[in-house]
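S.K.: Each chain, letter by letter, is given below.
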Amino acid sequence: MTTTASDGRTVGQPALSAAKGSDRTASVSPTVRQSDSPTPVVESRAYNFWYGANHALHDVTIAIPPHAITALIGPSGCGKTTFLRSINRMHDLTPGARRTGDILLDGGSIFAPGMDVVALRRRIGMVFQRPNPFPKSVYDNVAYGPRLNAMAAPREFPDRVERALRQAALWDEVSSRLREPGTALSGGQQQRLCIARALANEPEVLLLDEPCSALDPIATQRIEELLVELKKTYTIVIVTHNMQQAARVSDYTGFFYVGQLVEFGETEQVFTRPIDERTEAYITGRFG
Amino acid sequence: MSGRVLRRHLASRAMTAVVVVLSFTAVLALLLILGNLVLKGASSIDWAFFTKSPVPAGQSGGGVANAIVGTGIIVGLAALIGVPIGVAAGLYLAEYGSGRLGFVVRFIADVLNGTPSIVVGIVAWTFIVRPTHGYSALAGSVALAILMIPMLARTTEEMVRLVPHSLREAALALGYARWRTSLEIVARTALGGIVTGCLAGIARIAGETAPLLFTALGNLNFSVAITQPMQSLSLQIYVYATGPFDEWHRLAWASALVLMGLVLIISITARWVTRQRYGRIR
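Chains A and B, in that order, give the protein sequences. Going by the numbering used here, the first residue of the first sequence is number 1, and it counts up by one from there. Going by the numbering used here, the first residue of the second sequence is number 1, and it counts up by one from there.
Looking at chain B on its own, in the form it has when it is part of the complex (with noise of 0.2 Å):
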């Protein structure tokens, strides 16, 4: 073998070793995120943490039902609001999107994506909780669609873009409108994608705490009302790992590896969403 293809052999072999070791590391701090969590949080978790309200500093036993609930409601609502926003105008940017309006929807949402999570949060408590003069789980929503929507449109965006242009033209030719192609025939072929986009959005916000505490505040007992403050998840650990009582400390632990749990669900969906999309359709 001569020196060449001897130093070429060995120049492979050490990218691949540099790849493989960085690669290993990226992994290797979800892992410990996931395994100190389990570590810290899994014994706290029992039927009472999922079913019962906070008790009062100093006591013990109690759950974070308020918070998981409320995570799910103010979650919820955002996907509500978020969705449907963010899924047309990523319609429209694919679909019309080429003249100058779409140039500044496009520039506005990437201007938004890159916005930090507590401006989104100072925008909905100066827009939201200032004139109402409250706290409330819908601010904390209103927050987090803001959030979600740029998010969203550029994802159902990219999705629309992929729909093949023969299908349009195909639809076209049929005798159907321009939007009528839109929806029915571009929008429902990538209607997985554009789900999976939705998915990724909510498990990116279900975890997000800076833009809810100046709008949901978060609450010590249960509520479900959406005009009142309303716990979440995320808030919870943010009070619980700063206080100075160890039960709150391990509640904050196992509050973490719920959240952490419930963000992955979320994702594995939608990789199995994808995934369905490219087996049987229909």
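Extracted from the complex, chain A is given alone in its bound form (with noise of 0.2 Å):
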């Protein structure tokens, strides 16, 4: 059974099945759920990805609600982060990388011909699966950023610097190690450290790439109260192996299927009727 119908999908309402149990489909009622979500801040249209001769990614379509978490769940392998990375176009130096479709920020394409990439990351911070903090003082990591861009006035850049250590909830933590090297940190603080320097950009949209995946659990935990607090002010895509975790933090969950976004709604939703019998044998751990 396939669940990708070729048209007919709306914003709101991607990847959706129509074909089983029309009684879930019905209490899922994607219509109510349409007209409700805002307008999306990211959103993929048909879009299509190659390594090469390697189709990664098969007309994704997916509408990314504002000031929520989207959870982007399956098994390795499936695209969820060749997808995420797609957002911020890291795959423009890729070797051999090839799209088809959109993706649109705020309505407009991030492939449009007048699109500064520079500009475009500003406006979507991203935070790797390793902590990779520069080889700099706590300090010069997060101010990075807004160094770079121009976004304030020098004398600005320590309150710049704290706020986004506090949004990080880190500041408490390193306020006296300010010039530290970043690296001196512990992996969990590295990590908050790389958010901080995400967030000191200002952006719009955080997306995250496994974020917790060389973390302990305290750790983790720590940044998944860290994710819920942060999406009052931004817009957030994490992708995760951690099915727990997406169930946990995220309201919006996608899952990936071989390159194919399987199924995407609300993640209560997602993870306890779910409407494709893929993810519900995903979800319940019967492969991936």
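These are calculated hints, taken from the structure and not from any lab test. Values in this document were obtained by computation on a predicted structure and should not be read as measured data. Glycine included, each C-beta is placed from N, C-alpha and C at the ideal position. Hints may contain errors.
What the hints assert, rightly or not - Not close to chain B: a few residues of chain A, all C-beta gaps over 12 Å, as computed:
{"#": "1", "residue": "Gly-108"}
{"#": "2", "residue": "Asn-201"}
{"#": "3", "residue": "Ile-283"}
{"#": "4", "residue": "Gly-285"}
Said to hold, decoys possible - Distance windows between CB atoms, simulated:
{"#": "5", "chain 1": "B", "residue 1": "Leu-162", "chain 2": "A", "residue 2": "Gly-108", "range": "36 to 44 Å"}
{"#": "6", "chain 1": "B", "residue 1": "Leu-162", "chain 2": "A", "residue 2": "Arg-99", "range": "41 to 49 Å"}
{"#": "7", "chain 1": "B", "residue 1": "Arg-275", "chain 2": "A", "residue 2": "Glu-280", "range": "35 to 43 Å"}
{"#": "8", "chain 1": "B", "residue 1": "Val-5", "chain 2": "A", "residue 2": "Glu-280", "range": "56 to 64 Å"}
{"#": "9", "chain 1": "A", "residue 1": "Gly-187", "chain 2": "B", "residue 2": "Glu-184", "range": "23 to 31 Å"}
{"#": "10", "chain 1": "B", "residue 1": "Glu-184", "chain 2": "A", "residue 2": "Arg-99", "range": "27 to 35 Å"}
{"#": "11", "chain 1": "B", "residue 1": "Leu-162", "chain 2": "A", "residue 2": "Asp-116", "range": "25 to 33 Å"}
{"#": "12", "chain 1": "A", "residue 1": "Ile-218", "chain 2": "B", "residue 2": "Leu-10", "range": "48 to 56 Å"}
{"#": "13", "chain 1": "A", "residue 1": "Arg-98", "chain 2": "B", "residue 2": "Glu-184", "range": "25 to 33 Å"}
{"#": "14", "chain 1": "B", "residue 1": "Ala-88", "chain 2": "A", "residue 2": "Asn-48", "range": "37 to 45 Å"}
{"#": "15", "chain 1": "B", "residue 1": "Leu-31", "chain 2": "A", "residue 2": "Asp-92", "range": "53 to 61 Å"}
{"#": "16", "chain 1": "A", "residue 1": "Glu-180", "chain 2": "B", "residue 2": "Ile-265", "range": "26 to 34 Å"}
{"#": "17", "chain 1": "A", "residue 1": "Ala-53", "chain 2": "B", "residue 2": "Gly-3", "range": "54 to 62 Å"}
{"#": "18", "chain 1": "A", "residue 1": "Arg-98", "chain 2": "B", "residue 2": "Leu-22", "range": "14 to 22 Å"}
Said to hold, decoys possible - Some chain B residues near chain A, calculated using beta-carbon distances under 10 Å:
{"#": "19", "residue": "Gly-114"}
{"#": "20", "residue": "Arg-168"}
{"#": "21", "residue": "Ala-177"}
{"#": "22", "residue": "Arg-180"}
{"#": "23", "residue": "Phe-245"}
Put the two chains together into one complex; each comes in its own frame, and the hints tell you how they fit.
M.R.: Structural data, given as structure tokens:
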């Protein structure tokens, strides 16, 4: 059975199957969700992506709502990270990369000819799988973005750094260690430093690629609490292998499988009443 | 203990012994050279050796101040020319050199790396000494710089490649343009390794004689004019060691000791810089 209707998919209910369990579909009531859901911040339309001959993403259409956490889940190699990295055009330097379809940020195509990729990445912050602070001081790590982008007068940098570190729930731990190298912090602190570094740019969207995979449970919990706090200000997209994490923190969940967005909806619905049987198989642990 | 186990133990012992003896032989060569230099050269080193220029043949006394200063100027100038070009080429190779041009540059660097230094000297003579109708320190520096550039390009490339890809991505994701990422993040992270490579390259060219023979030529008088012939320690050693006077031989030994000392100091500094890399970073 397939879930991808070739047409008629509208913003807010992409990849929802109409083929299986009409009563369940009705209970999801996509039309209601559609009218409720605000204008999406990030939106992809029939987005396809290839690494050379490898067709990594098939017709991904998704609308990511603002001020919410959207989790992308799926087994390894399903394309969720590829999709995440498409949103801030990190594939620009990947040799052999090719795409069709479009991704919109605030309604404008990120692939538009006039789009400055550098400016785009300032609007879309990214946090990676492994903490990757620059081999510089804690302060410099956070000040890097504002300094580069000349977003503020130099005398405002200390305030900005403090604000970003507070937002990342790191200030209390590092306020007396701002001159120490960022690499001297613990793994969890380093990852929050990377979040602070991204936030200092004041982005609209924050992309996180398995941000907790290298962290212990306590550090993971801190990051999760932080994300819930941050969604008031930012739109967050998180790729995770940890389904409990997706269930705990996210408002919306997208399930990727072999390059397709199989199902996308409110997290509670996806986890308790999945529409596609592959989603159900995955979240109940039958594969992946 | 069974025969097989015993045989293995013996083989292991034998191999260890062979490796130790060979390593010791390698170190022994260095120790013999150093010991010989100290034995024959140290007695001739006094204050005048560092402060006076050579006296006419047959007289005693005098020093090699002109050669020490000359080596400093020629090598310094060579570094001034060679370091920016070599490091820039290495950065290019590591960051952008995946295409055809990168292949060509890498190939040329490798060929140049294996070129005999006297050939480089001839090149400098052909293109600088002959057109300007005069031997000069500058021509010598250019020859040494040419020797240095491929070395620095390849070591810089290797050092830059060691920088984790995740750092590049972090910078790009923050809105860094690619060139800025290369310069401000990648090159600065690899700085310790690059500096070490530069110092090793300088140490390597400081002792070169052949490229200077028909470029800087040598000068028995004290001179700091880079458009004129200039003495260097290596040239001094060459002339004095092959000369007929005992006094010259004495000075040649002493000069060799000083040159060796200079190279050692640079090498030790390089090691020290490398160690700093793994310590605290600012």
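S.K.: Each of the hints needs a verdict: does it hold here or not?
M.R.: Each hint, compared with the structure:
Annotated as non-interface, Gly-108 (chain A) keeps its C-beta farther than 12 Å from every C-beta of chain B; the closest such distance is 17 Å. Annotated as non-interface, Asn-201 (chain A) brings its C-beta within 12 Å of a C-beta of chain B; the closest such distance is 6 Å. For Ile-283 (chain A), the shortest C-beta to C-beta distance to chain B comes to about 30 Å, beyond the 12 Å cut-off, and the non-interface label holds. For Gly-285 (chain A), the shortest C-beta to C-beta distance to chain B comes to about 31 Å, beyond the 12 Å cut-off, and the non-interface label holds.
Checked against the hint of 36 to 44 Å, the pair Leu-162 (chain B) and Gly-108 (chain A) passes, with Cβ atoms roughly 39 Å apart. In this structure, Leu-162 (chain B) and Arg-99 (chain A) break the distance hint of 41 to 49 Å, their C-beta atoms being roughly 32 Å apart. For Arg-275 (chain B) and Glu-280 (chain A), the hinted distance range of 35 to 43 Å is not satisfied, since their beta carbons lie about 57 Å from each other. Between Val-5 (chain B) and Glu-280 (chain A) the C-beta distance comes to about 59 Å, which sits within the given range of 56 to 64 Å.
For Gly-187 (chain A) and Glu-184 (chain B), the hinted distance range of 23 to 31 Å is satisfied, since their beta carbons lie about 25 Å from each other. Between Glu-184 (chain B) and Arg-99 (chain A) the Cβ separation comes to about 29 Å, which falls inside the hinted range of 27 to 35 Å. In this structure the supplied range 25 to 33 Å holds for Leu-162 (chain B) paired with Asp-116 (chain A), their Cβ-Cβ distance being about 31 Å. Range check, Ile-218 (chain A) to Leu-10 (chain B): Cβ separation about 54 Å, and the 48 to 56 Å hint holds.
Range check, Arg-98 (chain A) to Glu-184 (chain B): about 30 Å between beta-carbon atoms, so the 25 to 33 Å window is met. Range check, Ala-88 (chain B) to Asn-48 (chain A): about 39 Å between beta-carbon atoms, so the 37 to 45 Å window is met. Distance hint check: the CB atoms of Leu-31 (chain B) and Asp-92 (chain A) are about 56 Å apart, consistent with the given range 53 to 61 Å. The hinted window of 26 to 34 Å between Glu-180 (chain A) and Ile-265 (chain B) holds, with their beta carbons roughly 32 Å apart.
For Ala-53 (chain A) and Gly-3 (chain B), the hinted distance range of 54 to 62 Å is satisfied, since their beta carbons lie about 58 Å from each other. Remark: the range hint 14 to 22 Å for Arg-98 (chain A) to Leu-22 (chain B) is contradicted by a beta-carbon distance near 54 Å. Interface hint at Gly-114 (chain B): violated, since its Cβ lies 31 Å from the closest Cβ of chain A, which is beyond the 10 Å cut-off. At a threshold of 10 Å, the smallest CB-CB gap from Arg-168 (chain B) to chain A is about 9 Å, leaving the interface hint in force.
Evaluation of the Ala-177 (chain B) hint against chain A yields a held restraint, the C-beta minimum of about 5 Å falling below 10 Å. A least Cβ separation of about 7 Å between Arg-180 (chain B) and chain A falls short of the 10 Å threshold, and the interface hint therefore holds. Interface hint status for Phe-245 (chain B): violated, as the beta-carbon distance to the closest one in chain A is roughly 56 Å, over 10 Å.
Violation of the numbered hints given earlier is confined to hints 2, 6, 7, 18, 19 and 23; the remaining hints are satisfied by the structure.
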